[in-house]
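Read off the chains here:
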Amino acid sequence: QVQLVQSGAEVKKPGASVKVSCKASGYTFTGYYMHWVRQAPGQGLEWMGWINPNSGGTNYAQKFQGRVTMTRDTSISTAYMELSRLRSDDTAVYYCAREQIAAAGTNWFDPWGQGTLVTVSS
Amino acid sequence: DIQMTQSPSSLSASVGDRVTITCRASQSISSYLNWYQQKPGKAPKLLIYAASSLQSGVPSRFSGSGSGTDFTLTISSLQPEDFATYYCQQSYSTLTWAFGQGTKVEIK
Chain H
1 QVQLVQSGAE VKKPGASVKV SCKASGYTFT GYYMHWVRQA PGQGLEWMGW INPNSGGTNY
61 AQKFQGRVTM TRDTSISTAY MELSRLRSDD TAVYYCAREQ IAAAGTNWFD PWGQGTLVTV
121 SS
Chain X
1001 DIQMTQSPSS LSASVGDRVT ITCRASQSIS SYLNWYQQKP GKAPKLLIYA ASSLQSGVPS
1061 RFSGSGSGTD FTLTISSLQP EDFATYYCQQ SYSTLTWAFG QGTKVEIK
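Top to bottom, those sequences are chains H and X. Terminal number for the first sequence in this note's numbering: 122, no gaps in between. Terminal number for the second sequence in this note's numbering: 1108, no gaps in between.
Be aware that a few hints might be false.
[Stated by the list, open to error] Taking lysine-lysine and the PhoX-like style, the derived pairs with C-alpha atoms no more than 20 Å apart in a straight line are:
id : chain 1 : residue 1 : chain 2 : residue 2
1  : H       : Lys-63    : H       : Lys-19
2  : X       : Lys-1108  : H       : Lys-23
3  : X       : Lys-1104  : X       : Lys-1042
4  : H       : Lys-23    : X       : Lys-1042
5  : X       : Lys-1045  : X       : Lys-1104
6  : X       : Lys-1045  : X       : Lys-1108
Read the hints as simulated data drawn from the structure, not as lab findings.
The following block holds chain H by itself, in its conformation from the complex (with noise of 0.2 Å):
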């Protein structure tokens, strides 16, 4: 079945950065874009860029533009983000999310990895 596997949780000072693994199986990992999202604790979902698999494209959103850099193994099926200068308000859990796109161009997110929770304290 398709599934996607994150990293464990991580624990990095301000200033520091971290870098979440999202494994692909069960697909053709070169043919769907790759999403990341994150959640601040007790917050809504925030929507931070995706990464064309086949190409190496990328297309991050504005707040994040300079920081995040997301990038992929194909060899391993394996998707990354990594986000630098991390500040205390980027404790959040993050995930990875696979675009789905029907025949008639609409386009969701299915699945959805199971989370990675990064905590960034002095």
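For this one, chain H is given, so just place chain X on it according to the hints.
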């Protein structure tokens, strides 16, 4: 950027109640609207895509409607497992995806 506004932010309901959640887009998004359910400590789960299409495996008590700027998620008869937070998402602008702020459905 397209903004998504959900109402209400929270609601209390009883098992068996009919529940309606509204999502409004800041500009027309045709039918490019999805709904997700999220339970505490879990990843969001797709319920409805393209405004009104039920995702495989999702109970038929869930339905979606609307187009343009106004959309609705309806739960026809609330079940104990439906207590969760619900999010709408626009997929019209794929350069700047956006979610609504969420609606928490609680037990009355």
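Hint by hint, here is what the structure shows:
1. H/Lys-63 <-> H/Lys-19: Within the cut-off at roughly 18 Å; holds.
2. X/Lys-1108 <-> H/Lys-23: Cα-Cα ~40 Å, so violated.
3. X/Lys-1104 <-> X/Lys-1042: Satisfied, since the Cα-Cα distance of roughly 14 Å is no more than 20 Å.
4. H/Lys-23 <-> X/Lys-1042: holds, 18 Å
5. X/Lys-1045 <-> X/Lys-1104: Distance of about 15 Å is within 20 Å: holds.
6. X/Lys-1045 <-> X/Lys-1108: The given pair, whose Cα atoms are some 24 Å apart, is violated under the 20 Å limit.
Consistency with the previously given hints fails for numbers 2 and 6, ordered from lowest to highest.
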